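Engineer: Protein sequences appear in the order of chains A and B.
So for the first sequence, our numbering puts the first residue at 274; every next one is plus one.
So for the second sequence, our numbering puts the first residue at 274; every next one is plus one.
Any given hint could be a false lead.
Because identical chains cannot be distinguished in the list, a pair is counted as satisfied if it fits within a single copy or across any two copies.
[To be verified] Using 25 Å as the maximum straight-line C-alpha spacing, the simulated SDA-like pairs for lysine to any residue come out as follows:
1) Lys573 x Gln349
2) Lys520 x Thr487
3) Lys573 x Arg283
4) Lys408 x Glu350
5) Lys530 x Thr552
6) Lys380 x Val348
7) Lys380 x Arg615
8) Lys532 x Tyr338
9) Lys484 x Thr309
10) Lys444 x Lys569
11) Lys408 x Lys469
12) Lys444 x Val526
13) Lys484 x Gly499
Please keep in mind that the hints were generated in silico from the structure rather than gathered at the bench.
The structure displayed is predicted, hence computed values, not measured ones.
Number of protein chains: 2
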Amino acid sequence: MAQNEVRVGREQLKDFTREVFIRTGMPARDAETEATVLVWANLRGVDSHGVLRIPFYVEEVDGGYMNPKPNIQVVQETAATMVIEADLAFGPVVTTFAMDQAIGKAKEAGIGWVFIRNTSHQGAMGYYSLMAAEKGMAGIAFVCTPPGMAPHGARVAGVDNSPITIAAPAKRHRPLLLDMATSVAAGGKIDLAIDKGIPIPEGWALDKEGKVTTDPRQVAALLPFGGPKGSGLAIMLECLSSLIINKPLLEPVLLGKEKQHGHQTQNSVVAAINIGAFTDVDGYREHIDNLIDGLKALPKAGGFSEIFVPGEPENRTYDDRFRNGIPLPEGTVSRLRTVAERFKVKMPSGL
Amino acid sequence: MAQNEVRVGREQLKDFTREVFIRTGMPARDAETEATVLVWANLRGVDSHGVLRIPFYVEEVDGGYMNPKPNIQVVQETAATMVIEADLAFGPVVTTFAMDQAIGKAKEAGIGWVFIRNTSHQGAMGYYSLMAAEKGMAGIAFVCTPPGMAPHGARVAGVDNSPITIAAPAKRHRPLLLDMATSVAAGGKIDLAIDKGIPIPEGWALDKEGKVTTDPRQVAALLPFGGPKGSGLAIMLECLSSLIINKPLLEPVLLGKEKQHGHQTQNSVVAAINIGAFTDVDGYREHIDNLIDGLKALPKAGGFSEIFVPGEPENRTYDDRFRNGIPLPEGTVSRLRTVAERFKVKMPSGL
């Protein structure tokens, strides 16, 4: 743990978060969902998607870009699909609802595929695919937002870094959970580096001149992983989500019809596959266990003492932080204090 | 064009390919499908998935690992999904059938998601997602095979490099078509380097000692792109396909129950999303056009004279080769000649 970090209990942090959002006008149940998803990210060590986002969310509510009391509506439906209008809901509020719908559709149709239009920042997407895994299904979720990543060959942003996540249930082991962006590093890691006052590695991002930068404050565009692969995947995910629900997020900025304004309007897809419609779920879980055991037992490459399966490093962090509290950098604590003062919410004990 | 390559007309190459497969016992219509998919790959410059594979396929038929007269059966079905037992069919034969089924399901259910069990090498997967795009739908396809790629942190193969492809229809432009492996380079590119007698770049693959090699003949395991990202995606695609249809391909090798034998048993998913169920297809196509135009007009990064969208470089190669013929390296020509002699099929004119 770094010198400039303090640890805070998960329940205290969740209570604080819920109280802040209630004071932005959000119903208590939705505030609970929002707090759960943010603190879950912190517990897993994905601090870039945790409570560090609270001050930004509050500003977004002020500006009318995030809606604490949205009118969430199912606007289209088939046997296996659904389109949900989010009305700028906080991401976790509409996305947990959407994944529940996907799971319901999958029960009957084998797969449930749900589009979410006009949501706001969704937090750590792994939470939603994990919801499916916890019901014995496979879960998929991905996101599109306005441009924040340079497509391969460009020196300015033109695509999103479209996080994508896939989960599958195990038996002895915890579910496999892949949660990755199509950029080399998630956007929130830039914010975290700012809060920690540390530089970012070369190759993560470009500045506004299109030059590679290591100063997180100068970042104008993320870089895609694998060049044309990350870039191409990001382009196609926009085609599979935003464009199908007629809400393009890249085109308006690319064609100069809209400025890139920094507000996080998002479209998304969450999907569930009903494993039990195809095979014995218990047998499936055992195969996942065997796969995990087999992968971890492979001979290690030089410099590696262990082979990790998707989600495993985050599970270890979870266990540590669940017991010992969540470390927060001073930058984050100080920005949370400003929010606490504004809304007259007591800071979590220890902070 | 390299000195040691000759060009052959697409029709001549297709006729040759069809005739060879008819002589392995395949019905003419299936041989036509197989030839179409292989030559399509060559036309697009994806030579690693083109006619270079013919000698291997012939050997696989000899060994009973590819079935020229399969009993393809639909074994399970829901409103939106289907499981197809391929009976070791040549990949293109069952996969074109499967994508037709996915398109049919999508018409009613919004999405069609079809699992293929026990197929053999499927060629260039982009062909199948493009089938959906040609019907005004979005297409997705991916593959799982026994281990051929080292998971992040391992020095031997433990996962597959699971190619994944996504297509979307445009209006003025040709469809967007992403077709990528989760390895740094597709496995067929190793074969192509052998046929061309050239080294491979560092970072593509490991030899059997687990050391990075540039000799394509020494390759024992491919390397994943983006470290844990490519590796994690490959693991999860096995969970989304093979394990759901109860036909694990990684586990038996990982647990030592099966030797990695080099025969290309594959499972696969092909899916179609019915754009017209959600929005006006013509409007969708225009949005894709605008997206393409917008991306291509972005300021270029240093060293780039053009920004390419997914599928665009291959389309240019296609146009050239459609007019001017397909160049084949001498290694490939010589191996095709052996096949021609065996089956008493005339080599394509010019070869």
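Engineer: For each hint, tell me whether it holds in the structure or not.
Structural biologist: Each hint, compared with the structure:
no.	hint	in the structure
1	Lys573 x Gln349	neither (49 Å within a copy, 40 Å between copies)
2	Lys520 x Thr487	neither (34 Å within a copy, 46 Å between copies)
3	Lys573 x Arg283	neither (35 Å within a copy, 46 Å between copies)
4	Lys408 x Glu350	both (22 Å within a copy, 21 Å between copies)
5	Lys530 x Thr552	between (49 Å within a copy, 21 Å between copies)
6	Lys380 x Val348	both (21 Å within a copy, 19 Å between copies)
7	Lys380 x Arg615	neither (45 Å within a copy, 53 Å between copies)
8	Lys532 x Tyr338	within (15 Å within a copy, 56 Å between copies)
9	Lys484 x Thr309	neither (38 Å within a copy, 45 Å between copies)
10	Lys444 x Lys569	within (16 Å within a copy, 48 Å between copies)
11	Lys408 x Lys469	neither (37 Å within a copy, 51 Å between copies)
12	Lys444 x Val526	between (46 Å within a copy, 20 Å between copies)
13	Lys484 x Gly499	both (18 Å within a copy, 21 Å between copies)
In this structure, the hints that do not hold are numbers 1, 2, 3, 7, 9, 11, in rising order.
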